[in-house]
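Generate the whole structure from the sequences, applying the supplied hints.
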Amino acid sequence: MQKIPGSFRDPSGSVFNYQNKIIRSVSKIGEQKYLHIKNNNIIEESIKNNFLINTFEIDDVFLKEKLNSSFLLEHQKLEYVSYPYEWSFEQLRDAAIHHLNYQIFLLEKGFELIDASAYNIQFIRGKPTFIDCLSLSKYQEGRPWFGHNQFCEQFLNPLLFTISTKVLFNNWYKGSLEGIKNNEIARILNFSLKINPVVFFNILLPNLFDKFSKKKNLSDLALINNNKIRNNFNKNSYFWLIRSLKKFISNIKNPLTPTFWGRYNEEKTYSDINYSKKKEIVRNFIIKNNIKNVVDLGCNDGDFSELCLINGAEHVVGLDYDHISLEKSYLRSKTKNLNFLPLYFDAANPSSNIGWYQNERYGFLERCNFDGLIALAFEHHLAIAKNIPLGELIKWFLDIAPLGLIEFVPKNDKTVGIMLGLKGDIFPDYNEENFRKILAKLSNIVSVSEVGDSGRKIYEYKKLR
Amino acid sequence: MFKYSILFYTLILFILFPSKSFAYLDPGTGSMLLQALIGLMATLFTTFYIFLNKIKLFFKKIYYKIFKKK
Numbered sequence: 001m002q003k004i005p006g007s008f009r010d011p012s013g014s015v016f017n018y019q020n021k022i023i024r025s026v027s028k029i030g031e032q033k034y035l036h037i038k039n040n041n042i043i044e045e046s047i048k049n050n051f052l053i054n055t056f057e058i059d060d061v062f063l064k065e066k067l068n069s070s071f072l073l074e075h076q077k078l079e080y081v082s083y084p085y086e087w088s089f090e091q092l093r094d095a096a097i098h099h100l101n102y103q104i105f106l107l108e109k110g111f112e113l114i115d116a117s118a119y120n121i122q123f124i125r126g127k128p129t130f131i132d133c134l135s136l137s138k139y140q141e142g143r144p145w146f147g148h149n150q151f152c153e154q155f156l157n158p159l160l161f162t163i164s165t166k167v168l169f170n171n172w173y174k175g176s177l178e179g180i181k182n183n184e185i186a187r188i189l190n191f192s193l194k195i196n197p198v199v200f201f202n203i204l205l206p207n208l209f210d211k212f213s214k215k216k217n218l219s220d221l222a223l224i225n226n227n228k229i230r231n232n233f234n235k236n237s238y239f240w241l242i243r244s245l246k247k248f249i250s251n252i253k254n255p256l257t258p259t260f261w262g263r264y265n266e267e268k269t270y271s272d273i274n275y276s277k278k279k280e281i282v283r284n285f286i287i288k289n290n291i292k293n294v295v296d297l298g299c300n301d302g303d304f305s306e307l308c309l310i311n312g313a314e315h316v317v318g319l320d321y322d323h324i325s326l327e328k329s330y331l332r333s334k335t336k337n338l339n340f341l342p343l344y345f346d347a348a349n350p351s352s353n354i355g356w357y358q359n360e361r362y363g364f365l366e367r368c369n370f371d372g373l374i375a376l377a378f379e380h381h382l383a384i385a386k387n388i389p390l391g392e393l394i395k396w397f398l399d400i401a402p403l404g405l406i407e408f409v410p411k412n413d414k415t416v417g418i419m420l421g422l423k424g425d426i427f428p429d430y431n432e433e434n435f436r437k438i439l440a441k442l443s444n445i446v447s448v449s450e451v452g453d454s455g456r457k458i459y460e461y462k463k464l465r
Numbered sequence: 466m467f468k469y470s471i472l473f474y475t476l477i478l479f480i481l482f483p484s485k486s487f488a489y490l491d492p493g494t495g496s497m498l499l500q501a502l503i504g505l506m507a508t509l510f511t512t513f514y515i516f517l518n519k520i521k522l523f524f525k526k527i528y529y530k531i532f533k534k535k
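Listed in order, the protein sequences are those of chains A and B. Numbering follows our numbering, in which position 421 of the first sequence is assigned residue number 421; successive positions increment by one, without gaps. Numbering follows our numbering, in which position 55 of the second sequence is assigned residue number 520; successive positions increment by one, without gaps.
Errors might be hidden in some of the hints.
[Said to hold, decoys possible] Which stretches of chain B does chain A cover? Using the computed rule of at least three CB atoms under 8 Å from a CB of chain A, they are:
1) 492-499
2) 504-518
[To be verified] Listed next, with one range per pair, are the computed distances between beta-carbon atoms:
3) B:Tyr529 x A:Ile97: 46 to 52 Å
4) A:Lys21 x B:Thr512: 51 to 57 Å
5) A:Lys48 x B:Tyr528: 31 to 37 Å
If you are wondering where the hints come from, they were derived from the structure by calculation, not from laboratory data. From the three backbone atoms N, C-alpha and C, an ideal C-beta is built for every residue, glycine too.
Take a look at the structure:
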């Protein structure tokens with residue numbers, strides 16, 4: 001049994017990986033809260049309305065005793081867990097709207113979400129889903145929205161950062177796991193955002209209050225006298241705050257993406273023979289090896305990822321550095337309801353184990369559970385553009401998945417030529433012969449197919465046990 | 466003037482912070498103050514609205530009295 005380290009913050013329960021199942025135990029502190037949720041069938045209703053991941057109670061006496069818990073829940077197991085710093089702008093925006101919609105849904109039923117962690121949302125078939133049922137709590141009239149500040153830091157501020165600076169939020173988010181703080185974003189926002197009433201009200205004003213109270217040590221005073229309860233923040237105000245945020249977030253636009261591909265274009269822009277040949281190779285690879293869980297490195301607009309799904313793959317994770325490609329992929333997965341998860345990925349600096357004790361959020365390799373890899377027109381971006389030695393690169397590919405397709409792009413290819421033209425040829429070992437030698441040392445080369453006139457070749461490998 | 470503003474915010478904090486929330490995250494003082502302000506404004510608006518209705522009712526009553534007399 002393995003405790004999932006990211007769940008340590010919540011005192012009302014913990015999450016475990018037990019016999020390949022995701023189990024959530026309810027602690028003594030969380031019992032009363034859980035019973036109230038259970039008695040009101042709120043979990044079932046949330047699942048029915050597509051807000052919450054499939055969750056059901058299990059009755060395992062041995063486990064209950066072992067975990068010292070009266071209630072155990074099992075969650076649907078995700079093929080791949082993603083984090084907000086790996087999402088595209090549209091993914092984070094949809095996740096934010098999902099959180100607010102769920103909060104509205106719960107409030108109408110007399111419940112609420114006690115926090116607003118973006119890590120509590122995962123993507124299934126291109127749709128955001130909430131995963132932490134112990135974040136639900138009975139709504140108490142007058143109690144303020146405790147997650148407001150967290151919502152701003154983890155959802156709203158990263159979006160505002162990109163709107164304001166036209167720079168992706170991902171790298172900042174990865175360096176600051178709790179999101180972007182109000183006092184940080186307040187310094188970055190451009191004038192038009194600063195005068196926006198929603199931004200002013202939700203970020204700038206609380207930031208001013210925060211500064212003021214710190215200066216005057218008011219928060220200490222309040223904590224000492226925290227027994228004075230007064231129901232001040234009524235339900236209508238709660239709804240108003242959430243709906244105003246939802247309206248604002250629904251209307252914001254990603255400043256980095258051109259508008260012409262606003263609607264996913266069914267027409268294929270690729271028509272050359274080599275592209276069809278590549279498709280045929282991928283199709284055969286998936287069908288022949290009965291691959292179920294695929295990673296598509298450099299997924300572009302997700303065309304090959306979709307091809308994998310059509311030919312029998314159950315889940316594809318598409319990784320790309322380019323945000324326009326990512327948004328196209330996400331739109332594809334969303335509109336076509338594909339089990340395809342596109343994520344932001346800098347292959348030369350992939351997500352590592354970070355957070356508390358350096359394992360709160362898992363790295364890329366730690367999360368890898370793929371049986372097939374596709375790396376088409378990808379290898380040269382690392383070997384040539386990032387100076388990664390061929391040997392290490394091939395070893396890395398094999399660490400990701402035991403079976404795969406790697407396209408080798410030779411030096412006489414036009415793209416590589418441009419790369420080398422600027423850099424100078426500092427790669428004497430970069431040639432097909434070397435590539436083949438290293439790959440053959442670590443794996444069985446199943447097949448080699450030429451795609452293109454420049455000598456590009458797709459190698460199919462099977463890792464040696 | 467500053468003393469008054471301190472008094473005002475202190476009061477809000479006194480009013481606002483619940484005794485037992487079992488919240489494991491720090492809600493943020495600024496956000497809590499904002500919501501206190503929204504709450505206060507909502508209360509003020511409601512009071513004002515009720516007061517306005519009372520005035521309206523008062524004049525309506527007078528109007529009907531005159532109308533009936535006619």
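Violated hints - listed by number, lowest first: 5
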